[in-house]
Structures are given as C-alpha cells and as structure tokens.
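Peer 1: Going line by line, the protein sequences match chains W and E. In terms of our numbering, the first sequence is residues 1 to 266. In terms of our numbering, the second sequence is residues 1 to 343.
Worth flagging that the hints you see were computed from the coordinates, not collected in a lab. The beta-carbon is built from N, C-alpha and C at its ideal position, and this holds for glycine as well. Hints are supplied without guarantee of correctness; some may be wrong.
Unchecked claim - Estimated spans, in silico, between C-beta atoms of each pair:
id, chain 1, residue 1, chain 2, residue 2, range
1, E, A19, W, P75, 38 to 44 Å
2, W, L52, E, P84, 42 to 48 Å
3, E, A65, W, P191, 34 to 40 Å
4, W, T63, E, R103, 30 to 36 Å
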Amino acid sequence: MPASRRRRQRVPAALLVPALLGLAFLVLPLAGLLIRAPWATLPQRLAEPHVLAALRLSLLTATLATALCLLLGVPLAWLLARVEFRGRGLVRALVTVPLVLPPVVGGVALLLVFGRRGIVGQWLDQAFGITLPFTTAGVVLAEAFVALPFLVIAVEGALRGADARYEEAAATLGAGRWTTFTHVTLPLVAPGIAAGAVLCWARALGEFGATITFAGNFPGRTQTMPLAVYLALERDVEAAIVLSLILLVVSVTILATLRDRWVGAA
Amino acid sequence: MMLDSRLVVDRGAFRLDIALSVAPGEVVALLGPNGAGKTTALRALAGLQPMDEGHIRLGTDDLTALPPERRPIGVVFQDYLLFPHLSALDNVAFGPRRHGVRRQEARATALDWLTRVGLADQAAKRPRQLSGGQAQRVALARALAVHPRLLLLDEPLAALDARTRLDTRAELQRHLTAHPGATVLVTHDPLDALVLADRLVIVEDGRVVQEGDAATVTARPRTDYVARLVGLNLYRGRAHGHRVTLNNLTLSVDDQQDGEVFVAFRPSAVALYAEKPTGSPRNIWAATIAGIQRHGDNLRIELAGPIAAAADVTPAAAAQLDLAPGRTVWAAVKATETHAYPA
C-alpha cells in the first residue's frame, strides 16, 4: 500500500527534539563562521604572506606525511591482512593506539624518542647531524604519526574485502608474492588505498597537538594552518576566521570528493 | 606415468588421503559428493593447500616442496577468478609474462590462445563484460597459455546455465583432448566426468572408493553414491553359486559367485504387480511405495521393504496399478537382469 506508506510517519518528540538539537549543534558553529567572516576584506586577507605561507606549509607537510604513510602503511596493512603470525592481534591494537591517544601525548612521546636527547634522535644527531624537532621534517613526522592509523585501517579493510583467491590464481600462473602484490593485489585495492590516503591527508592537514608539541610554532617553518588559526585567535579574530574558512573549504571539498568517488560507488 | 602423487591433508575431523596417478595426455576426473575432499586434493596438487604427508611427482620432477608459482601447472578455478582490472587479453598474457616472455610476445601468445577458444574479438573486454561461457573460455586459455604439464580444473562448468554448459562442455572436451600434459578435473556432475574424462576416480569422505574407466564404474558401482550417480540399485551380500543372501532377502542371480559380492540391477528391470505374480523364475518381494518422482518419460517409484529399491514404470502402468505412496505392491526382478560381482 504505497499511499499509506507515503503518509508522514509520526516521530516521537522525545527523539525528534534531541535529534534537531544535535543537528543544530553541528551546523550552527559552521554557520557562525560563515556569518562572521569578513567577506569584504577577504581577498586582501587571503593574499597576506603569512596566510599563504601557512597554507603552503600545510599542504606540503600533509602531502609528504601522506606519502610517508603510504610507504609504511600499505605494507603494514598487507602484513596484518595477509600474513598469519603470532601477536597479530596485538600489532593491530598497537597500530590503532594513535587514534585514541591525545595528539599532545603523541607529540611528547615523539619528542622523547626523536628529540635531541631521545633514543633515536641522539643517534640521528650524532651519526648524520639530523635534527627533527622544531623543523618542517618534524611537522611531517608528527602528522604522519597521527594519520598513519587511518591509512592502515582503511587499506587493511580493503585488503580483507578483496578476494585473496585472485592472489592464488596469480601464483598458479607463476607470479611470486611481490609480483602478485604489485600486479594483482594493489590494483584490486586501489580504491581503498585512495580513500585511505584522502582520510590520512585530511587528518594530517588538521593536525595540531602533536605538531605544536614536537615541531613548535615557527612561521614559515613549522606553523601550519591549524597553528596559525590558534595564534591568530589571540591577536586578530578576523584573521583566525579567514584561516578557518580555508580549512573548512578544503575539508568539505575532500568530503564531497570522497562521497562521490568511493563511498557512493561502494 | 606422468603424475604420481599421494595427497594427505589432515584437518582433524576430516582427513584426505588419496593416491592419484595420471598418464601423459590422460584426463582423470575426481568425482564425488560435496565435501568429499576433491577440491582440497586439487588445491594440494596446485600447491595452494599444504600437505601433511605424501608426495607429488611430475615426470622426473618432485613438486612436493615447490610453491605454486614454481609448479608447471595451469588451473581453471570454479568461478574462473579472472583479474577484474585486466582485459581478457592481459589476463591470458599474465602467465607468459610471469614466465619471462616479453610483453609484445606474451600478448601475441595470448591473442593466439583467445583465437583458439574463439574469443579473439573479445580480447579488449574486461571480465565483467564477458558472459559466463566466455569467461570460462578465457580462464581455460589463461591456464593453457603457460603450457602446463599438469592442467587442473575445479568444477569448470558448474557456474554455467544448462544451455551454455552443453556447448562449453563440447568445446572443453576438444581442448582437453588436444592437451598433451596430464589433466585432473574435479566435478560432482557425472555427465561432465563421463564426457570429459578418460578415467574416473571416485572420492568419498577423503578416500578413493573406486576408480576405472567410465564403462567399468557405471557397470559395477561399489558404493551407494556411485550407484545413485549411474542410476542403479546396488546391494551387498554373500553369494553361494547363483544365490545371494542380503540382510532380509535372498536374490537369484545370473552370475555364479562365491563370498562377498555386489548385486546391481537397473530400475527399469524392476516390474511392479498388484497381485503376487507367478510363472517364470524371478525374485519377488512385497514392497511399500515410499515415493514417486518423474524420471524422464517414466515415473521412478521409490520402494521400501526388505530392500530399498527404485523401479521405473510408464505413467500408463502407474495409472493402471493405481500407484500411490503407502500402497503395497509386488516387485519382481528376473535373475538375468541382475549383475553380481565380487566386493
């Protein structure tokens, strides 16, 4: 009976009211951002050198962090999805730790290991003269640390969803494990890797806590967009709003892309 | 003998333990019910299933410890597993490429194989654009393109509809006949096995219960599964000359035997009567009708009683006898219609 089914269903007020409040809670701050934006002076503000510098640094570090995550995360995801070994559950749990860890704690931990007096940092300093904290490379490291779990989880999910019997078919045709990985597994999970990379990039772009703790807040070198927003808020609210708007536009664009290309297709 | 193997896979509750030998050019069908271990055996031959014991020798080569990519095999999987991101041509070229053939040459080889299976015009298509029958032929071309010395096929026709199956079966038979290496085919369809294979190996519950050419296996089944497969009534009993004692019935048989024997007869050899028949010597027993099914142009009557048996009667005869489940009838089989052979 389509006619009666199309009749508006009665929604209990006890559910409807909190639902609408929740929606307002999510949308209102964003609307506030748009309402308070200094639209008239926007072009000039966008062209300010420190805004452009922060934006350029953010895009650069987020992209480098994503590349680093792909390099390390895809093999890690493959290991978790395809190789049975003792302690696999533990490794999987460890991988997800940065997801729930407050980023500031991550920054402190990075500092303890990669700092000048840290276990790895000391060695890097003495052997190669490389210092990571408070450098652009440090920003990339901090962002990658926080964003890597997003990539690993997305790619591992894609690998588990992909039929491993294609890899068996490849083996019977003479392909070794590496060739099978590059010629069969990677093409099969390419959409999953792309989705993971976008999530990873978005997370790296918004990274604040670990970055400010491990890399500090030096304009042009380690001051990314989120850091610039925080700093601007204390001196010039309008500048903070402009910077926030840019981040909002980038985030929404990514979400739209992700929906259309991967979420929608699946 | 080209392939000489003993395959043992122990999974606790289930144990596969079969010996399998195949001559060059020979096609052997592993036939058996679902869960008998046929596919496990095939995967063990391919190196995809680790073995607990046994050996696999192909000619003078010992394959037992080799990973699948180093075995001279070709596999056609049940659902083909064509790589979805590659064209039909590149699917077939994949094997030659992995065997060190250069790209252009591998593609030429692949096109040649696609031509042989009649799909040269579909070379650029992706697997999802191919019909079931076409995908099956691409899978066969892909497996043959590496010139395997051992060709393995897992239920190669199971995924096809009845019409496509008929054409594809004939085509597959042509290619299997032309294949110079050993071929092992897994199927649960007796027709596929009879048409495609030179020899049948019946696997039940992880063991080989019977093997031989189609004529022997169909004429002298040794298990209920095989008997049902070829449509025979099969009993095991003790023979003294022309008489075979079953649990609840003694049958007169034509063949003279002594000791443990199988007795087999066709359902069409069973005649049904409303009254106890008299006259020529034959085996007669009272039976209860347990079920009636269509069977081709006739009706197949399932009989309960001292022995479970199937009888084929014409619809006219069934109407005349007023056959219905639960009714008691007299079943009769002439001694000359039975076949007794040592168990």
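Peer 1: None of the hints should be skipped; say for each whether it holds.
Peer 2: Each hint tested on the structure:
Between A19 (chain E) and P75 (chain W), the C-beta spacing of about 42 Å keeps the proposed range 38 to 44 Å intact. Under the hint 42 to 48 Å, the C-beta atoms of L52 (chain W) and P84 (chain E), about 44 Å apart, fit the expected range. Judged by the Cβ atoms, the range 34 to 40 Å given for A65 (chain E) and P191 (chain W) holds: they are separated by roughly 37 Å. The hinted range of 30 to 36 Å is satisfied by T63 (chain W) and R103 (chain E), whose Cβ atoms lie roughly 33 Å apart.
Violated hints for the displayed structure: none, as all numbered hints are satisfied.
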